[in-house]
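First to last, the protein sequences are chains A and B. Here my numbering is used: position 221 in the first sequence is 221, and no number is missing along the way. Here my numbering is used: position 228 in the second sequence is 228, and no number is missing along the way.
None of these hints come from the bench; they were simulated from the model. This one's a predicted model, so the numbers in the text were calculated from it and none came from an experiment. Don't take each hint at face value.
[Said to hold, decoys possible] Here are some, though not all, of the chain B residues that point toward chain A, as calculated from beta-carbon distances under 10 Å: (1) Ile125; (2) Leu129; (3) Leu143; (4) Leu253; (5) Phe254.
[Claimed, not checked] Derived coverage of chain A by chain B (criterion: at least 3 residues anywhere in the stretch with Cβ under 8 Å from a Cβ of chain B; other residues may be distant): (6) 84-94; (7) 100-111; (8) 214-223; (9) 247-260; (10) 268-276.
[Unchecked claim] Where chain A lies over chain B, by a calculated footprint (3+ residues, C-beta under 8 Å): (11) 130-142; (12) 311-321.
No residue lacks a Cβ here, since even glycine has one placed at the ideal position from N, Cα and C.
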Amino acid sequence: MIKMIIINGLVLGGMYAILAIGFSLVFGVGRILNMAHTAFYMVTAFLIYVAANIFNFPRLPAAILSILIVGLFAMMCYKLLFDRVKEHETAIMIIGIALAMLFQEVLLLIFGGHYSGIKPFIAGFVTITGVSVTYQQLLAIAATIATLAGIWILLKKTTLGLAVRSISQDREIANLMGINVGWICMVTFGISACLAGVAGVVIAPIFMVHPLMWVNPLIITLAAIVLGGMGSIKGGVIAAFILGYAETTVIFVVPEGSFLRGAVSMAIMIPALLLRPEGLFGVVFEEELL
Amino acid sequence: MSGYLFWLYKWLQGEIFTIPGRLLAAVFIVVLFMFPLFAKNPYFLDILTLTAIFAIYAASWDVLAGFTGQINLGHALFFGVAAYTVAFLNKYLGLLPWATIPLGGIISVLVGFIVGFPALRLRGIYLSLVTLGFPIILTGIILIFADFTGGELGLSGIGYLSSANIMNYYIVFFVMLISLFLMYKFTHAESKIIRVGVILHAIREDEITARSSGINTTRYKLLAFGVSGFFAGISGSLYTHSIRIAGPSTLELFLSFQAILWTIFGGMRTIYGSVVGVFILYPLTEFLRIYEVGEHVRFIIMALLLIIVLLFMPEGLTIWIRDKIEVKCQRCKLPNIRIRKSCRACGAFLHL
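Hey, can you work out the whole structure from these sequences and the hints?
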């Protein structure tokens, strides 16, 4: 039981961590609360579903292609929708929700409302100390680690990462230093959608795909971001793993625990925030203190 | 008698007919009042009843989020708590609607205080996320205690609001008018009688300055939570008595989001904006249901409409229209029709 919780929590927490990083990147750079973030995750999952189950493409090219398609598509959405209303915080939020609803309904129209499984990339399982772990789960864990490392290198070692970090610290000064803020925002939006796409490609085959699959991850991602502290990527990742483990534990331990999936994350987040209003790793600004 | 009529006519002419926004509002109320005369199909009347209920709900979100600046992402909490309260009171204790509806509102106020009190330590997005959490937790609890709360199916067999659905419509209609009027007065910044509105505006604009002006901001934010919760509770109670079932759908995330969608579509920080948003979007999605194709595409149409409207009028529909047809006098701050050259009250030039 404990070993199963460890493996499943690692997969789930990894997925939330990838989603949370993408979300907080866009929030940090563009000040956009992108409610459509997990909708991109859903779209990629459906793309890979089409590629795997209907056309039976080779998996690796299909996965890379669908991630890239979603990235470009997200950039297009940013340029056409989010960029135009970026002065109005609430309008941005509503556009995100409307976009997610649009994807949901279009997918519902095409695929219907039933749950469907994706054929795993690599079938079969391996038994580690008495617990059977599917290769897909191992792949998901490996992909999570690779993505986290990749995004760390991108942010810390490249010029693009430097630009992203400086914009999230001070937008105007970054602009004065010659950084093309609009362009970087668009690229960051694309990268964040690609991250959501990675989560959709490697983790969706473990779960089912259906047109409402964006709601639950969105709630948990938001909870992880806030629990970790806005703008802190390290905090977001740690909080995502905490919530992932909590959810897995409740599902395995408590009978009828799957009803409590969302509730348990909220039950962790609310007391934590009440004790530490800026999140676990958040930064308090003096002028915002009350 | 004719003197009073003449006075009424003069008042209407001076205060209502000269300002297109008020004229539109008056026409809207009259049309809603007369609607049962023209409605052949009782289905339309039921839809309009639900629309009026949701108008109260969306406006109550506006009181909290638009005026006080506390963006509440879990507004369905108030709605759902009131719905379940009404269901319990009516089903297990046998209370009638005239008792259950105010009680539902009051329980929602208590819940508003319970949620608001800890949540007010937090600000901005943190507050939003904490409020988002509460209905999800409550849904989990309701699903666990399924034999008492009805679980996923909900509690059915709740009493009618009244025996005829025309009566039902008029009850909801008048409750809506009174609630909207009270909320409008409560949040009106220029009101000379109730001074709360201007304080709420001050809290939204700059909380620290409001505090340093001697306003106990926590108390006023709690008050806003309470008022908003009360009216959301009233709408939840009316909803339960209208559709006669209380299920977990009254707590779900989509309902919370819908309050935001309606209000921002119509225009935030104006009570009438949320009403316009509800009266356009909700009947649209329900009428599309009648047709075979519409059933599948109704939310696609709604989402596209939202996106298009927000792209071209990011402040919302009513604010965009209001700015096109009305202009505010620079000197005395009274609204005037756009085509006038000078203010109707003080004679100052309007277009400088």
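Hints and how they fare:
1. Ile125: holds, 7 Å
2. Leu129: Constraint on Leu129/B satisfied, holds at 4 Å.
3. Leu143: holds, 4 Å
4. Leu253: For Leu253/B, the interface hint holds, since the closest Cβ of chain A sits about 6 Å away, which is under 10 Å.
5. Phe254: holds, 8 Å
6. 84-94: As far as the stretch 84-94 of chain A goes, the hint holds, because 8 residues have Cβ atoms under 8 Å from chain B.
7. 100-111: Result for this restraint: holds, n = 7.
8. 214-223: Per the Cβ count (4), the hint holds.
9. 247-260: holds (count 3)
10. 268-276: holds (count 4)
11. 130-142: With 9 residues closer than 8 Å to chain A, the stretch 130-142 of chain B meets the three-residue bar; holds.
12. 311-321: holds (count 3)
In terms of the numbered hints stated before, the structure departs from none.
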